[in-house]
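**Q** The residues making up each chain are set out below.
2 protein chains.
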Amino acid sequence: MPSGTLLYAQSGGVTAVINATASAVIQSARARRVRVLAARNGILGALREELIDTSKEPIAAIRALAHTPGGAFGSCRVKLKSLKDDRAKYERLLEVFRAHDVRWFLYNGGNDSADTALKVSRLAREFDYPLACVGVPKTVDNDLAVTDCCPGFGSAAKYTAVSVREAALDVAAMADTSTKVFVYEAMGRHAGWLAAAAGLAGNGADEAPHLLLFPERPFDEADFFAKVRATVERVGYCVVVASEGIRTADGGFVADAGGGKDSFGHTQLGGVASHLAGRVKDALGYKVHWALPDYLQRSARHVASKTDLQQAIAVGAAAVDYALAGMNAVMPVIVRTGEAPYRWTVQPAPLSKIANKEKTMPAGFIRRDGYGITDKARRYLEPLIRGEAPPPYGRDGLPQYVALKNVPVRRRLPDFVL
Amino acid sequence: MPSGTLLYAQSGGVTAVINATASAVIQSARARRVRVLAARNGILGALREELIDTSKEPIAAIRALAHTPGGAFGSCRVKLKSLKDDRAKYERLLEVFRAHDVRWFLYNGGNDSADTALKVSRLAREFDYPLACVGVPKTVDNDLAVTDCCPGFGSAAKYTAVSVREAALDVAAMADTSTKVFVYEAMGRHAGWLAAAAGLAGNGADEAPHLLLFPERPFDEADFFAKVRATVERVGYCVVVASEGIRTADGGFVADAGGGKDSFGHTQLGGVASHLAGRVKDALGYKVHWALPDYLQRSARHVASKTDLQQAIAVGAAAVDYALAGMNAVMPVIVRTGEAPYRWTVQPAPLSKIANKEKTMPAGFIRRDGYGITDKARRYLEPLIRGEAPPPYGRDGLPQYVALKNVPVRRRLPDFVL
Numbered sequence: 001m002p003s004g005t006l007l008y009a010q011s012g013g014v015t016a017v018i019n020a021t022a023s024a025v026i027q028s029a030r031a032r033r034v035r036v037l038a039a040r041n042g043i044l045g046a047l048r049e050e051l052i053d054t055s056k057e058p059i060a061a062i063r064a065l066a067h068t069p070g071g072a073f074g075s076c077r078v079k080l081k082s083l084k085d086d087r088a089k090y091e092r093l094l095e096v097f098r099a100h101d102v103r104w105f106l107y108n109g110g111n112d113s114a115d116t117a118l119k120v121s122r123l124a125r126e127f128d129y130p131l132a133c134v135g136v137p138k139t140v141d142n143d144l145a146v147t148d149c150c151p152g153f154g155s156a157a158k159y160t161a162v163s164v165r166e167a168a169l170d171v172a173a174m175a176d177t178s179t180k181v182f183v184y185e186a187m188g189r190h191a192g193w194l195a196a197a198a199g200l201a202g203n204g205a206d207e208a209p210h211l212l213l214f215p216e217r218p219f220d221e222a223d224f225f226a227k228v229r230a231t232v233e234r235v236g237y238c239v240v241v242a243s244e245g246i247r248t249a250d251g252g253f254v255a256d257a258g259g260g261k262d263s264f265g266h267t268q269l270g271g272v273a274s275h276l277a278g279r280v281k282d283a284l285g286y287k288v289h290w291a292l293p294d295y296l297q298r299s300a301r302h303v304a305s306k307t308d309l310q311q312a313i314a315v316g317a318a319a320v321d322y323a324l325a326g327m328n329a330v331m332p333v334i335v336r337t338g339e340a341p342y343r344w345t346v347q348p349a350p351l352s353k354i355a356n357k358e359k360t361m362p363a364g365f366i367r368r369d370g371y372g373i374t375d376k377a378r379r380y381l382e383p384l385i386r387g388e389a390p391p392p393y394g395r396d397g398l399p400q401y402v403a404l405k406n407v408p409v410r411r412r413l414p415d416f417v418l
Numbered sequence: 001m002p003s004g005t006l007l008y009a010q011s012g013g014v015t016a017v018i019n020a021t022a023s024a025v026i027q028s029a030r031a032r033r034v035r036v037l038a039a040r041n042g043i044l045g046a047l048r049e050e051l052i053d054t055s056k057e058p059i060a061a062i063r064a065l066a067h068t069p070g071g072a073f074g075s076c077r078v079k080l081k082s083l084k085d086d087r088a089k090y091e092r093l094l095e096v097f098r099a100h101d102v103r104w105f106l107y108n109g110g111n112d113s114a115d116t117a118l119k120v121s122r123l124a125r126e127f128d129y130p131l132a133c134v135g136v137p138k139t140v141d142n143d144l145a146v147t148d149c150c151p152g153f154g155s156a157a158k159y160t161a162v163s164v165r166e167a168a169l170d171v172a173a174m175a176d177t178s179t180k181v182f183v184y185e186a187m188g189r190h191a192g193w194l195a196a197a198a199g200l201a202g203n204g205a206d207e208a209p210h211l212l213l214f215p216e217r218p219f220d221e222a223d224f225f226a227k228v229r230a231t232v233e234r235v236g237y238c239v240v241v242a243s244e245g246i247r248t249a250d251g252g253f254v255a256d257a258g259g260g261k262d263s264f265g266h267t268q269l270g271g272v273a274s275h276l277a278g279r280v281k282d283a284l285g286y287k288v289h290w291a292l293p294d295y296l297q298r299s300a301r302h303v304a305s306k307t308d309l310q311q312a313i314a315v316g317a318a319a320v321d322y323a324l325a326g327m328n329a330v331m332p333v334i335v336r337t338g339e340a341p342y343r344w345t346v347q348p349a350p351l352s353k354i355a356n357k358e359k360t361m362p363a364g365f366i367r368r369d370g371y372g373i374t375d376k377a378r379r380y381l382e383p384l385i386r387g388e389a390p391p392p393y394g395r396d397g398l399p400q401y402v403a404l405k406n407v408p409v410r411r412r413l414p415d416f417v418l
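Note that the protein sequences, when read in sequence, are chains S and G.
For the first sequence, UniProt numbering assigns the number 1 to the initial residue and increments by one for each residue that follows.
For the second sequence, UniProt numbering assigns the number 1 to the initial residue and increments by one for each residue that follows.
Derived by calculation from the structure, the hints in this document are not laboratory data.
One copy or two, either will do: identical chains are not told apart, so a pair holds if it fits within one copy or between any two.
Dumping the calculated DMTMM-like pairs for lysine to aspartate or glutamate here, alpha-carbon to alpha-carbon at most 20 Å: (1) 306 with 388; (2) 405 with 207; (3) 376 with 396; (4) 79 with 91; (5) 405 with 206; (6) 376 with 148; (7) 287 with 256; (8) 306 with 396; (9) 89 with 176; (10) 287 with 221; (11) 405 with 176; (12) 79 with 176; (13) 359 with 112; (14) 281 with 233; (15) 281 with 176; (16) 81 with 95.
Since the structure is predicted, the reported quantities are computational estimates derived from the model, not experimental observations.
Based on the provided sequences and hints, a complete structural model is requested.
**A** The structure is reproduced here in structure tokens:
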């Protein structure tokens, strides 16, 4: 039994399967008799010494985490500066690690979190403290470098493709006398991965979704209007999937999610779907509807991808292996080892190659006209949404998600003002 | 084998299970060797003589309808006036019925469609034409009179409760450093049934959703702000579910779905969720997010309620029975015959008691403070979302929905200009 504590924390936007990673981390560590604490709200909990004793949770609860969306220990949106600029915080971290004998730190998040993990990994050398820091991948945005895909993306992608296929059937049925244009807004501020996944819902020019809008391509309103009109005239209706972060050629966002002010000075929130729907209505006169699933798309554990779930579990287990083997500043990444049949494995990669990088869609994934995905993109995306892994449902017709007790560890240090 | 043709049509907003009703209608009629035509786009297809020969569909396709959302034959939003005011249309209908030997007409829809069915039922007496017209219930709004519930509602209700439960876990995880208030917009222009269903996702004052807003209760913004603030201060975050049709005490909609114009004269679309989120941000300063699932909530066959599916099938089969038995101007309605365990049966009810009526939530279903549901509402709603009935998924990870061939019947009449 290795001596020391493993500290696990969740960071950034949560996903349908980040708790599956947590479940795998805790189960792997328990199997090796390693004590696991979890930080409440990511790195904040480590700084505030708000730690949770996962040994107080029965194994059934830890197993149930694998089918529970959200972030069971709380997450955060916080970025640490460099060791030089934020030295007091790193010293505090070290104090907390020492006080609780933390030898392994697993930070489960996206690009920013990989950066935090990389910085924390430097504590080992800087302060000569025996620490292995492992980043664990997670993001519905699928924009981490090095890894073939990101746990959390496959399930959000499946949600997107399923939802767009279903809504398109609704629109098709009503188009003769009602809505002719439907706009679905997908997450993706800088990368169009989720909008691309919607493309899996149909095939060919006449099957919905008809138009995908990617942040990787400049948005040209006149061209878009022409495409919408041509689709309605040919098919009878038009389903559009827009990435929230599409920009015009001058680099400005088509719609600022933060919104503007109305004539009374009130905040007018709105996204790209509502904006495009309004513009289409004015310019083309069609009846429009739009949907903004927002958090629903990243928490929809009920329609999770089995592939995604398996990968979320695999990176959790690998992270424990790497940490206990003393590997510092690494992240378990997913490597695609076969196309047909799809195969994958998990390997370690240096955090320095992942932190702060952002993987947008390769040009070869976007159709020449900019409004759809290529066969190459389809081959990449399709295995990621494959397989179903529904949660157990109760007699009440609802998924049985677990709420942990989250018993705090007794604090040993004075307060720390962030 | 009864002589004559049964004509089936879908009307109004479609649902996740209206095609299950269609599947039951066609299978029941086939079992009795009755020919079934379907009108394309509801009553419009009957007027335009755009009829579909369902006998051209293999039985596998008809069975697959039971797990396919949308409206397989097309639907419409059209209301006929009285026999007196729209006489030419009724005469045309009669011509079409005669030309295709239509003796039974099944109209599958909500309140407006029940009104159309009632008017068509009068053709029998008015023109001495042997016709049995049966309305078949369907609506996610759950606002039909007489019937205990409406096929389509249970699945939309399940989607709502599941989605709100999942999104709430996301918000809970992030609230410390990110979104504190989340607003989900549910369909329901005049009746708060879907917002009420969200209430099934949690129990007690601290479990999400924390605040439900019903069109049945006047919206008081100051009181709402106070409740939001109190919830955030007590729980750490606040999940709000708003019916699209909430109104202030003076009867005006809180947010017009049609939207207004911005200072450039452009249409500014927006719903109640975006409006409330903006107001909360301005008044209370919290970070807000909101979701507008729109058509997703009524087409989400992937998370359909088994109870709802069974009821959709049962009303389809009953409608064929009633029609072939010569019952005119009736609708099969669902009668609750037991509470624990929940039991139900299907009975005929006169269309005249259903047409144009709207069933809002009983006062006893809304909590005294107006922001939640009572135990009575819970007992009513919970059985309706019970049970899962997922569609088959393909190797590609997507639900396998069927597209019918929809082979048109050769027209026998000249065009009719509507």
